[in-house]
Amino acid sequence: MKKYSLYSLIKNSFSYHENWQRAWRDPIPKKEYEIIIIGGGGHGLATAYYLAKKHNIRNIAVLEKGWIGGGNTGRNTTIIRSNYLWDASAGLYDHALKIWEGLSQELNYNVMFSQRGVMNLAHNLQDVRDLKRRTHANRLNGIDAVYLNTEEVKKFCPIINTSPDIRYPVLGGTLQRRAGTARHDAVAWGYARSADEMGVDIIQNCEVKGIKRNGGSVEGLETTKGFIKTKKIGVVAAGHSSVIANMAGLRLPLESKPLQALVSEPVKPIIDTVVMSNAVHAYVSQSDKGELVIGAGTDDYVSYTQKGSHQIVEGTLSAILELYPIFSRMRMLRQWGGIVDICPDASPILSKTSIKGLYFNCGWGTGGFKATPGSGDLFAHTIANDEPHKLNAAFNLNRFISGDLVDEHGAAAVAH
Amino acid sequence: MFIINCPYCGERDQQEFKAGGEAHIERPKQPTELSDDEWAEYLFMRKNIKGVQFERWNHAHGCRKWFNVARDTSNDEIKVVYKMGEKPPLE
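Going down the list, the sequences are from chains A and B.
The numbering of the first sequence is my numbering, which starts it at 1 and goes up by one.
The numbering of the second sequence is my numbering, which starts it at 1001 and goes up by one.
Just so you know, the hints here were simulated from the structure itself, not pulled from any lab data.
Ideal Cβ positions, reconstructed from N, Cα and C, are used throughout, including at glycine.
Any given hint could turn out to be false.
Covered stretches of chain B (chain A as the covering partner; in silico rule of three or more C-beta atoms under 8 angstroms from a C-beta of chain A) [unchecked claim]:
1) 1015-1021
2) 1039-1051
3) 1074-1083
FRET-style restraints, in silico, Cβ to Cβ [what the hints assert, rightly or not]:
4) A:N161 - B:E1033: 56 to 62 angstroms
5) B:E1038 - A:M198: 40 to 46 angstroms
6) B:W1066 - A:E222: 37 to 43 angstroms
So here's chain B without its partners, still in its complex pose (with noise of 0.2 angstroms):
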């Protein structure tokens, strides 16, 4: 339980918020050439650290648009809140 603040809305209570999990996985490019391998990657494999993770959030109960945040798992800490489109910012 902590405060989100959305970059369109403000600090709002996270129940406002639905999660979205690891952000910057990318959708592979050419699909049809991807192994089993690769699909696993890409669909199931994650990294859900420990620590700092880069996730996506998405104001459901407000705004309804989907941003990034930087977030600290141990301690529920968010260090940064960024817009969709732009890269993680270096810890």
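Isolated chain A (complex conformation) (with noise of 0.2 angstroms):
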């Protein structure tokens, strides 16, 4: 695999960039693997990665249903933060983070990370509470958070109307400077360049089928381009891990629902940082396109149409209007919608099931984007070991029989 660097830039320009290296092999599957991966979105491709780079596993598989990244890591509006209350979610999320701050280096690949900031608003005395908790909790678990009131939010962020009389009128907010945003292309494009120059195949346009077991323990997988031998899959498939689970016949705790996001057309920098709201659903950030990004909720029925309802995203673009008029003759580009599985406690599962051989990384819900790195890192840990790590031990799959939840509803700075 040849390196990016300026030096290949410049020869490649002398041949009009037409001479290029495949940035991944298209291979045909093996009849057997060590490993297989089902879904082929940043969380499979950084786990194959993670095994390939940290727990010497190279014959490994990711199995993708369509192209990688067009599942949910191309459809999130890519917001990268580690403020959440618990001490479980801290470690978690600021364990990504930490990776985050050093991923371009390591895959030889820009995800364009961009630590330009993510401020939380309060809107009314018990989210200002809330906030300032929050703030303590973080600090606590050395995450960096601050706490302002009106004029510094208005100071952080100029655009935004701080006028008391508004319907929500803004209080304050919590600024996370460490955290911001990162390009979600360049991670799945990134780590699957990288995992695949270690030998792992990744096969797109193969959709699995069935799971084959022998008695307690996994065999293989029925897939559109046959049958695969493996003695260990580990399952991240966001949306549509219930359905995989269904063919093993296991029960997860989930909800897949539309989360939809939109952006704007291009226009001149005019919001340098991540605005998010919890109390009016609405948060915003500005791509490096010059595309307003934002992010609105979820429909509360389980729907697997990638579409989601009209009305949500007018909620929330009128909140937006409220917090910032200068947006009012802003027209929308494009509108998408991702499925998202959803935990009874709004956090993930990393986890070994009660089959030998099969593990599940989901239930990221609508916040998984951030974690990519993280996830991945514990996920391959978990497989590779058949135990997890202790930062993923709180997210498993027995927290549902032993009640010990980690509950981040309200409490992870934005509404699940």
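Please assemble the complex out of the two chains, which come individually in their own frames, going by the hints.
What follows is the structure, encoded as structure tokens:
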């Protein structure tokens, strides 16, 4: 694999950039793999990458039913932060954030990680109390967080309407300066390129149709490209996790719902940070192309349609307009939906199951992108050692039986 | 976004309704005898089907009555609407 560098960029410019090496191969699946990862999104590709890199297992396949990064990896609003309330979540998400900080160099692929800060707004007294509490909790966990009053919010992001007369006035906010955004496609492509280089087979257009079991352990997978033998399967299928679980005769504590996002026409730089509001459910940032990237909420019914309802978008845009009157004449360019798998406690599952050799990485709900590198690293550890890492031990399936939930609903700085 | 045929009010937009999740989950008859596993099954585990699923809906901004719906979650097409207490239709 040729290293990307300024030299290679100049060299390839002489041949009009027509001779760049393919970033990853398009292999035919082998008869057997040591480990198969179902799902070629960011989390799945990162899992394969860390299995190869840190655990020295090279006989791995990643099966993707569409194209890599075409699911939720390419549909999210690219926000990265670690300001979670509970210790278990703080440990998990800050582990990911620390990897993000060196990821472009590690992968030799520019994931355009930009620590532009994430600000969360408070609109009522309860919000103020909750955000102050979370700021203290974050700082006790070594995560940077500051509480801002209304004037400081206005100073940090001048286009916010801080008038006391609006329906949900801005009473304050929190700021995590290390938080920010990254280019989501590049994350999938960067992990794919590096995993492929270490021998991982990335097999696209290959849908899993069934899981073959021998009593209490897995034997292989029925796919649209034939039967593939394996003793270990890592399922990283996001909204379709329950579909895969049903093939193995398991039920998961998940509901899959459409989550929507939209982008505006591109404009000159106007907002240089990420602003989220839990109470009115509106969050906005600006992409490097100049589009406003806006996240809306989920529908409350189970659906796999990747569409979502119009009134959800309308509600989000009305909140955006009240907070940012300057956007009143912006036109929206695209709207889309992704299917998110939501756990009852709004925390993920990175866990072994009752079936030997079957592992699940799911339940990230509306906020999985930020965790991509950490999730891959910890899930790789869990599969390789057949034991969770201490950072994901709390996120096991057993918590729904023991009652030891990681309840991040409303505590995690954004509505899930 | 779709139209739901409320058995009491007729066809209305989905946003008048509140989704109540998977239907026909029976409340345990003897809660004191349940094991932790059985509680987890009842409280948290869901079929989350891609395809036709039986679910409860409430006409929250209309008659406020509960009823059941058989809906294909892969395309949001509603197959059958039936009242509370009725058995799910066999497909």
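Here is how each hint holds up against the structure:
1. 1015-1021: holds (count 4)
2. 1039-1051: holds (count 11)
3. 1074-1083: holds (count 3)
4. A:N161 - B:E1033: 56 to 62 angstroms: For N161 (chain A) and E1033 (chain B) the Cβ distance comes to about 57 angstroms; the hint holds.
5. B:E1038 - A:M198: 40 to 46 angstroms: For M198 (chain A) against E1038 (chain B), whose Cβ atoms are near 45 angstroms apart, the range 40 to 46 angstroms holds.
6. B:W1066 - A:E222: 37 to 43 angstroms: For W1066 (chain B) and E222 (chain A) the Cβ distance comes to about 40 angstroms; the hint holds.
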